[in-house]
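There are 2 protein chains.
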Amino acid sequence: MKKRTAVLISGRGSNMRSLIEAAKAPDYPAEISLVFSNAVDAEGLAFAQEHGIPTKALSHKGYAREAFDEAVDAILREANIELVCLAGFMRIVSAPFVKKWEGQMLNIHPSLLPSFKGAHAHEDAIAAGVRISGCTVHFVAAEMDAGAIIVQAAVPVEIGDTPAALAVRVLVQEHKLYPEALKLLASGKVRLEGGKAVFSD
Amino acid sequence: MKKRTAVLISGRGSNMRSLIEAAKAPDYPAEISLVFSNAVDAEGLAFAQEHGIPTKALSHKGYAREAFDEAVDAILREANIELVCLAGFMRIVSAPFVKKWEGQMLNIHPSLLPSFKGAHAHEDAIAAGVRISGCTVHFVAAEMDAGAIIVQAAVPVEIGDTPAALAVRVLVQEHKLYPEALKLLASGKVRLEGGKAVFSD
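Those sequence lines, one after another, are chains P and B.
Residue numbering for the first sequence is 1 to 201, as defined by my numbering.
Residue numbering for the second sequence is 1 to 201, as defined by my numbering.
Please keep in mind that the hints were generated in silico from the structure rather than gathered at the bench.
Quick reminder that beta carbons are idealized off the backbone N, C-alpha and C, glycines included.
Don't take every hint at face value.
Calculated pairs, DSS-like style, for lysine-lysine (alpha carbon to alpha carbon, straight line, at most 27 Å) [to be verified]:
#1 P:Lys3 with P:Lys100
#2 P:Lys183 with P:Lys61
#3 P:Lys117 with B:Lys24
#4 P:Lys24 with P:Lys117
#5 P:Lys24 with P:Lys56
#6 P:Lys61 with P:Lys117
#7 P:Lys117 with B:Lys3
#8 B:Lys24 with B:Lys3
#9 P:Lys196 with B:Lys3
Covered stretches of chain B (in silico footprint by chain P; criterion: 3 or more residues with CB under 8 Å from a CB of chain P, positions within the stretch not fixed) [stated by the list, open to error]:
#10 105-116
#11 119-132
#12 143-154
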């Protein structure tokens, strides 16, 4: 049985698209069963609908953080979701929500964590003068960008790179990396144990 | 004119060996003109001597840190050294020494800086659960492992890696990376400017 997976977005959902495409493969162990957005006009919703994937949108405006997360959790439970992929979901999820989905929720971050956490990874990488950056898929933990790492990909920083140019090059790797990580999780080849990613064959 | 370069070691000097080998190429822009060790019995000294390279050893024992660094500086000046490569040199160099050799002194560190500074890079990388580590050659700054980065190489961390196994794999890359960085510096293709590495063709 393919694992029923929700992708949470806030915008165009480019990583969501790569997950949808990857999940079309007959032997892929997860199916994208729901795309959820906290922005009712997110561009990614239309893409999902065109691919026959159920979507839900609920604006966080007017909600307290935990109340909103409870509403999202109810939507996920109602759709019998087993795994959750954050993909450009521009909300910091609350600790109770993280706890509920512990070991079942992934996020992708555009740096080689633990370097360059936060919302300005490419700017920070260029300011630090690194010659290699990359991207990371990790289990979501209560502390932002600090969950157990599942996979990473390295991307060279070119001389004279701008954050935007680096972002484009890293995004190409993100689109390969996220489906790879979801595959590992959905097939049981990685699991979260005591805060660590544990791998098996 | 090839840049007269000193390599500072404390032990077997495996990175020193790769620099000596690389500098044998007729078009390499640096020559290894001196190998210095603060351990009088460092294994690397014999290798350098076998390759016809002058060596000096001076134990730091009994010296105050700055007085020792002054003695090392005098040795380097006497040998008309222009560039310095720290290669497993197990001494934290003092701020005045760093200042004297600013922009002319390199170090190699077995991680993708700014992650995993300090003497236990591989242990720390494995404890953090990263899937990609690597190595970095940087200009030496007063703050340890914090100088401007010149080049980096990425190395996968394998499932079940030990610090020792990872160290061996990273070392293979170090032996390519350090000669590449020295070549950039000696040929004027990188320089230190305002604390940043500036590259040109």
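Each hint, compared with the structure:
1. P:Lys3 with P:Lys100: holds (17 Å)
2. P:Lys183 with P:Lys61: violated (33 Å)
3. P:Lys117 with B:Lys24: It is violated: about 43 Å lies between the C-alpha atoms, which goes past 27 Å.
4. P:Lys24 with P:Lys117: Status violated; Cα separation ~32 Å.
5. P:Lys24 with P:Lys56: Within the cut-off at roughly 21 Å; holds.
6. P:Lys61 with P:Lys117: Cα-Cα ~26 Å, so holds.
7. P:Lys117 with B:Lys3: violated (40 Å)
8. B:Lys24 with B:Lys3: Holds, at roughly 13 Å.
9. P:Lys196 with B:Lys3: Given that 27 Å is the threshold and the Cα spacing comes to 48 Å, the pair is violated.
10. 105-116: With 4 residues close enough to chain P, the hint holds.
11. 119-132: Coverage by chain P holds here, the residue count being 5 at a Cβ distance below 8 Å.
12. 143-154: holds (count 7)
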